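**Q** Sequence:
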Amino acid sequence: MRMSRLLLRTLRDDPADADTAGHALLVRAGYVRRVASGIYTFLPLGTKVLHKASAIVREELDRAGMQELLMPALSPIELWEQSGRAKKFGSDALPAMVLDVRGGRFVLGLTHEEVVTSTVSAEVDSYRQLPLTVYQIQTKFRDEARPRFGLLRGREFLMCDAYSFDVDKAAMVVSYDVAKAAYLRIFERLELPVTPVEALSGAIGGDVNHEFMVASPIGEDHFVRCEKCGYAANVEAAAVGPPHGDGPGADERPARRRVATPDAPTIEAVVALLSDPEIDASRTLKAIAAFDEGGEPVVVLVPGDREAKLPRGWRLFEDEDFAAHPELVRGYLGPVDLGVRVVADASVVAADHAWVVGANEPGAHLKDVVLARDFDVHDVGDYVVARAGDRCTRCGGDLELVRAVEAAHIFQLGLTYTAAPGAFVMEGATFTAEDGTEQPFWMGCYGFGLSRLLAVLAEAFHDDHGLCWPPSSAPYDVHICAPGSGRTPAVRDVADALYAELTARGVDVLYDDRDVSAGVSFADADLVGVPLRVTVGARGLERGIVEVRDRTTGEVDELAVDAAATALHARRDSPAR
RNA sequence: CGGGCUGUAGCGCAGUUUGGUUAGCGCGCUGCGUUCGGGACGCAGAGGUCCCCGGUUCAAAUCCGGGCAGCCCGACCA
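Numbering (the numbering used here), first residue to last: 13 to 589.
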């Protein structure tokens, strides 16, 4: 591509609305432009990178035996009503965009379990057609509460989503492992270090699932990793081991007493009000009202300085639930003499000190409350969100906390969309098994954020001067600069010839044929970040050479003019890194 | 959804407090000339619904009211 013809304008200043270095560079270097909040145009350079990444995704998924198809972005709401997920629209978990148009009400697809399940159900009747995994690369829409970080969280984004269909659980696990391995190969080819972590499944459903996390300072997620045994999990899902401690001692402790705490419904407010050097948030108990999977009210206790984590299927109390249960006083909940089932995190039971707890009446708390003496718990479990320094449940090692971007997320859906009671079951999602019986499909689904990947790559691969693409995702293989070509015919002739020869050999070249100063040409080359820059100039031609500079390492080599094309072609195929 | 900040040329910004000629600056853009291997310089130009609607006033980018958009922070509850 001749740069004089490329739809490209580089910017000298960071755009005012860019909040990360990577995104600022994608805008400055002319890869993307914002159209509206969370909505972007991919200019030709950005589109090239999307195509390069998509090609890798397609190659690896095809190689894993998957088949590409393309489903509509618009789907009739009836499909979502059938599965029951329409009821979740508007929530954070399922922020769907819904459209009333001629012909009825449609949903702009934010994920395609319903569509793919009805499609496959209509085409597959027999176990002989299984296993089957299909995928698509398509634009998705989500009504995000707050789009941010450029391409990282948009309202419209490009995604690769795959769906597997199997005869039973064991076969599903095989398909899942195949997809997981394929995704790992994709990240390897993109040169992005990724960590698969155990995670929560949210509104998608299913049990086993993994997120593919890329460590990054702009990540919106955190995962914990055990340095010793390699266990890795999202903090929301991580199992946390009980801390050391013997539980409350048999020693004499002051009796519990009531203290007035008006207008102090939060832990911070209570601690501030008591202003007792002995009492910080860790000496208070958070008591959280929720419904368990059976719909029964339950109160969960965690230390006041910890974030709580609810088991699958549990649901927090909302305003109307508190209204319906006046005995549970919002902001002043405590375990003493509470007529509701109480469960506690293991760290609560292991602690050997007294607690400050809500008194179950507005404006009052209880001090010096001791487990077993003043209250009992019906069950002990793992109810806290992991944090750095917690112990690994597998090996007892220390967990470290890593900030990361969720680049992909894969799920073992099982029968969630086909037969599981109370799940998002679609009609007729069955096949005839070998024994002649009708059986539901066992499904998996596998999502990979492609436009988000652009943001992740830009964040991972840049320096002060611009982007530094790895060859696998770079928009071009080679960038030719020809300073002085506008007034030195020999330079122009050699550069033109090199461009023509490389292009003929299938090397993808960005040729800066603009009549601009050397400084501008080099600065733009740095900004755009093509892996190899070739400089054809009068200075080198006097010695019969051109210069090759590696954008990432800064290493400079010299090549004889007449051998340059051959050498660059060879280097493109096996980058010397 | 709550709070804060912002909206002026393609991009980055000043001007708004205290209303007053023809609304400025840098980058970018066009033309001519000089220069030119790390974002050159001179001269001459082009480019504006000052976010929108309404109001106050002789006069509004500036004051008032309402709206919209962007960015940031927070988001249940403990």
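A couple of the hints might just be wrong.
Calculated lysine-lysine pairs in the PhoX-like style (CA-CA distance at most 25 angstroms, straight line) [claimed, not checked]:
1. Lys64 - Lys240
2. Lys192 - Lys240
3. Lys192 - Lys181
Everything labelled a hint here was simulated from the structure, so no lab data went into it.
Bear in mind the structure is a predicted one, so any value in this text is a computation, not a measurement.
**Q** Please go over all the hints and tell whether each is borne out by the structure.
**A** Hint check results:
The hinted pair formed by Lys64 and Lys240 fails the criterion: a straight-line CA distance of about 37 angstroms is larger than 25 angstroms. Proposed proximity of Lys192 and Lys240 is supported: the alpha carbons are some 23 angstroms apart, at most 25 angstroms. Of the pairs offered as hints, the one joining Lys192 and Lys181 holds, with about 16 angstroms between alpha carbons and a cut-off of 25 angstroms not exceeded.
Figure legend: structure checked against the earlier numbered hints; the only hint not met is number 1.
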